[in-house]
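Trainee: One-letter residues, chain by chain:
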Amino acid sequence: MFLKTIRRDLAVVFRSPAEVINPLIFFVIVITLFPLGISPSEAVLREIAPGVIWVAALLATLLSVEVMFRGDFEDGSLEQMLLNERSLVSIVGGKIASHWLMTGLPLTILSPMLALMLFVNPEGIRAIFFSLLLGTPILSLLGAIGAALTFSLRRGGVLVSILVLPLYVPLLIFATEMVKAGAAGLDYTGYFYWLAALLSLSLGFAPLAASAGVKISLSQ
Amino acid sequence: MRFFSLPDYQLIMLNWFHRLGAPRSFYEISGRLLPVLWVLSGLSILTGVIWSLGFVPEDYQQGNSVRIMYIHVPAAIVAQSGYAMMAVAGAVFLIWRIKIADVALQCAAPIGASITFLALVTGAIWGKPTWGTWWVWDARLTSTLVLLFLYLGIIALRSAMENRESAGRATAMLALVGVVNLPIIKYSVDWWFTLHQPSSFSLGEKPAMPAEMWIPLLVMVLGYYLFFFTLWATRMRVEILNREFRTDWVQRLVVGS
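The listed protein sequences derive, respectively, from chains A and B. Numbering follows our numbering, with no gaps: position 35 of the first sequence is 35. Numbering follows our numbering, with no gaps: position 177 of the second sequence is 177.
Don't take each hint at face value.
[To be verified] Heads up, simulated DSBU-like pairs for lysine-lysine below, C-alpha to C-alpha not over 30 Å straight-line:
| no. | chain 1 | residue 1 | chain 2 | residue 2 |
| --- | --- | --- | --- | --- |
| 1 | B | LYS128 | B | LYS186 |
| 2 | B | LYS186 | A | LYS180 |
| 3 | A | LYS4 | A | LYS180 |
| 4 | A | LYS215 | B | LYS99 |
These are calculated hints, taken from the structure and not from any lab test.
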């Protein structure tokens, strides 16, 4: 069911590719705004690059996570899926995984190019890539909890951000520290393990919490 | 039925628990307790304020501004444990579906948010004379700010959902997720701070205070807790009347008297 959900969600999305591309365009535009708004100088940009890339990734994920359950809820297929199958967790897990495949993974692949535009050195770029690789699944997992609690509400959009953004604080701290350490040529395996620990923690709990949230929202 | 194998005192406890869990008996019991709570919290806060503002010696470094501590520290303590208590209420509601726990959760959030806000504002006022700025990105300040965001998230979710039953379960879920995250947030922020700035503002590490300074602080902490519980119970009573306005006992209470 997990794989089935992934396959189905990907198929749905590839019929209207705009949904995959829009968060990516958003990601790139937000990052472009910073040199324009702050300063195009190399030293400044290198300094703020980890934070800028990570905050942009965070916002891009939040934008797309909101619709994780909404489309299926509105056309009724979410309820049908629940009727059909016993395991809600695997459906929710599949949705989270496909969300990551559609936003987190492309963001990660795109990030080295953007880091290059912000004058990050090669070591730093590698750190950005790995921090996003480990961190974007956490973004999808925690975001799913917020999305699950709000998909049945009419004004869910901003609400998801309010609910989820505070939960992203530790991730943002560890990820940007990892990138800074990498850019400074230091060993960043410690941060890497921290991110891995956060990932396994949220892998364990977030799908459960999100499927409880789906149940609550559907009972409304 | 497993209950029959329980020893007597546990049966009595359970019975008592169920009675407190019913909105009506909570209303009656809290009605009897509230005057006492009001008097106790008023007395302890009054004592604490007079003691700390009037009689505590000045700090040798901070002078009179140290007195803000007596308003600020208890607020910060109650703000944090308030969230924990709220999450416990959420867990009780999710597991046992006790209605009163939902009432408790909904009523604790605004009080907790206000007290967190108070802690932030008094912290800023204290920061101005001692650190020279209203705000620093200190670990404790930042994690208190995040705590405020968590409270606000609960309030926002509650007000966005129309159905009360599912709103209760959703906020309870969110409170639980928040309480799991709170220690992680706290430690990560602590760590972030220590990485960036060596403790130039080492207010965090309190020197061992002399007894004449910490006893009034203890009184204030007690007073804040009592005040928190008093407000909490008062709000809960109003909420119960609101929810149960169709029942006989509320009708009799309001119309009959």
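Trainee: Against each hint, give a clear statement of whether it holds in the structure.
Mentor: Outcome of the hint check:
no.: 1; hint: B:LYS128 <-> B:LYS186; verdict: 24 Å, holds
no.: 2; hint: B:LYS186 <-> A:LYS180; verdict: 21 Å, holds
no.: 3; hint: A:LYS4 <-> A:LYS180; verdict: 39 Å, violated
no.: 4; hint: A:LYS215 <-> B:LYS99; verdict: 19 Å, holds
In this structure, only the earlier hint numbered 3 is contradicted, and the remaining ones agree with it.
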